[in-house]
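Colleague: All chains, full assembly: derive it from the sequences and hints.
Chains H, L, D, C, X and R, in that order, are what the protein sequence lines are.
The first sequence begins at 138 in this note's numbering and counts up one residue at a time.
The second sequence begins at 138 in this note's numbering and counts up one residue at a time.
The third sequence begins at 138 in this note's numbering and counts up one residue at a time.
The fourth sequence begins at 138 in this note's numbering and counts up one residue at a time.
The fifth sequence begins at 138 in this note's numbering and counts up one residue at a time.
The sixth sequence begins at 138 in this note's numbering and counts up one residue at a time.
These aren't lab readings, by the way, just hints derived from the structure by calculation.
Take the hints with a grain of salt, since some may be wrong.
It does not matter which identical chain is used: a pair holds within one copy or between any two.
Here are the computed lysine-lysine pairs in the DSBU-like style, where the Cα-Cα straight-line distance is at most 30 angstroms [unchecked claim]: (1) Lys177 to Lys166; (2) Lys177 to Lys212; (3) Lys166 to Lys212.
Protein chains: 6
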Amino acid sequence: MDTWLPSLITATPQEGFELAITLSRRGVKYTQPDTEVLHKLRPEYANSAEGLTAASQVIAINFQTVAAANNYWRK
Amino acid sequence: MDTWLPSLITATPQEGFELAITLSRRGVKYTQPDTEVLHKLRPEYANSAEGLTAASQVIAINFQTVAAANNYWRK
Amino acid sequence: MDTWLPSLITATPQEGFELAITLSRRGVKYTQPDTEVLHKLRPEYANSAEGLTAASQVIAINFQTVAAANNYWRK
Amino acid sequence: MDTWLPSLITATPQEGFELAITLSRRGVKYTQPDTEVLHKLRPEYANSAEGLTAASQVIAINFQTVAAANNYWRK
Amino acid sequence: MDTWLPSLITATPQEGFELAITLSRRGVKYTQPDTEVLHKLRPEYANSAEGLTAASQVIAINFQTVAAANNYWRK
Amino acid sequence: MDTWLPSLITATPQEGFELAITLSRRGVKYTQPDTEVLHKLRPEYANSAEGLTAASQVIAINFQTVAAANNYWRK
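Modeller: Take a look at the structure:
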């Protein structure tokens with residue numbers, strides 16, 4: 138696999154949050170690498186309140202990691 | 138995307154809790170950017186005990202991050 | 138909104154646990170501010186084993202934050 | 138309410154684990170104080186694989202807090 | 138109850154992971170001490186993708202605790 | 138069982154993420170060692186949005202542990 142995660146350090150909290158989203162998607166993609174299947178499943182969670190809350194929870198967990206890595210972008 | 142997360146630092150714990158809510162909603166919005174769809178899904182979780190508990194859990198996880206970033210507003 | 142979270146510091150672990158309950162409920166209330174709806178949903182989780190376990194989990198996550206803020210009330 | 142949580146400090150990891158169980162049960166009890174209802178719900182989770190795994194998860198989260206409070210009972 | 142958790146310290150990360158499994162199972166067993174019931178429930182989660190993922194999640198949470206206790210077995 | 142986890146230290150964040158995936162799969166495998174059963178269950182979660190999100194969540198929790206062990210690969 139190509140290099141997609143060279144570092145956990147980001148310039149801003151917002152970029153850190155977006156990295157957390159990348160980590161969450163990669164967790165899915167390592168489990169189901171077939172992009173066609175992933176594409177078909179998209180409406181199943183993106184149009185479901187439960188699916189979206191669950192997605193937001195995984196992002197929140199990954200954001201904890203990225204934020205700690207960046208010392209919470211404190212000065 | 139515009140800048141919506143310039144910092145994790147807040148003046149008070151309560152503002153930190155409200156930032157945790159923002160983070161939770163942004164996690165949803167990055168996954169489903171269509172605000173019309175989000176609007177339609179609202180009753181699905183806001184009128185469901187399970188959906189509300191799940192929402193509160195995501196907020197709790199994000200609040201851990203914000204609280205740590207602010208050294209728990211000690212002193 | 139009025140001030141409901143001036144501090145995460147409490148005198149005892151038990152008060153800290155009760156603050157964690159407050160945080161968990163506020164997470165719900167920010168998502169669904171209509172107290173009438175909340176009242177109607179109460180039996181849905183308070184009379185369900187799954188709902189009660191989920192509620193206890195959110196409290197546990199918030200208690201991690203409050204306990205860390207208080208240095209675990211050591212000494 | 139009476140004092141049920143004077144401290145997070147325990148003599149051994151095992152007592153810490155048992156305190157984590159107490160915290161998990163108290164999280165349920167604060168949400169549903171009616172012991173008769175709780176008694177009736179018991180078979181619903183104690184005889185369900187999903188319910189038992191969920192209970193074990195809440196205990197695990199509370200054990201993280203108790204273990205940190207006790208510096209993991211290192212020497 | 139007999140002593141089953143004298144320490145969180147293990148010689149290797151792998152033994153730490155196995156201790157996390159023990160903690161996860163004990164969380165179940167404290168909630169449902171009847172081994173016959175537990176035996177009957179086994180196929181319910183061990184033959185279900187959802188049940189196995191949930192079990193792996195509880196192990197992951199307990200492994201966080203054990204790993205921190207052992208300073209991540211660094212050097 | 139053979140040695141599969143000699144260390145939590147990895148050279149890069151990406152290898153750390155892949156170790157988190159290994160930990161997540163091992164958590165499943167310790168619970169259900171029969172590889173034939175595991176093989177049959179695969180479509181159940183790999184073709185389900187809910188199952189994939191749950192898998193990504195377990196990976197995120199294990200990645201927190203691996204990232205902390207590696208001091209977030211800072212420097």
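Colleague: Hint by hint, which ones does this structure get wrong, listed from lowest number up?
Modeller: 2
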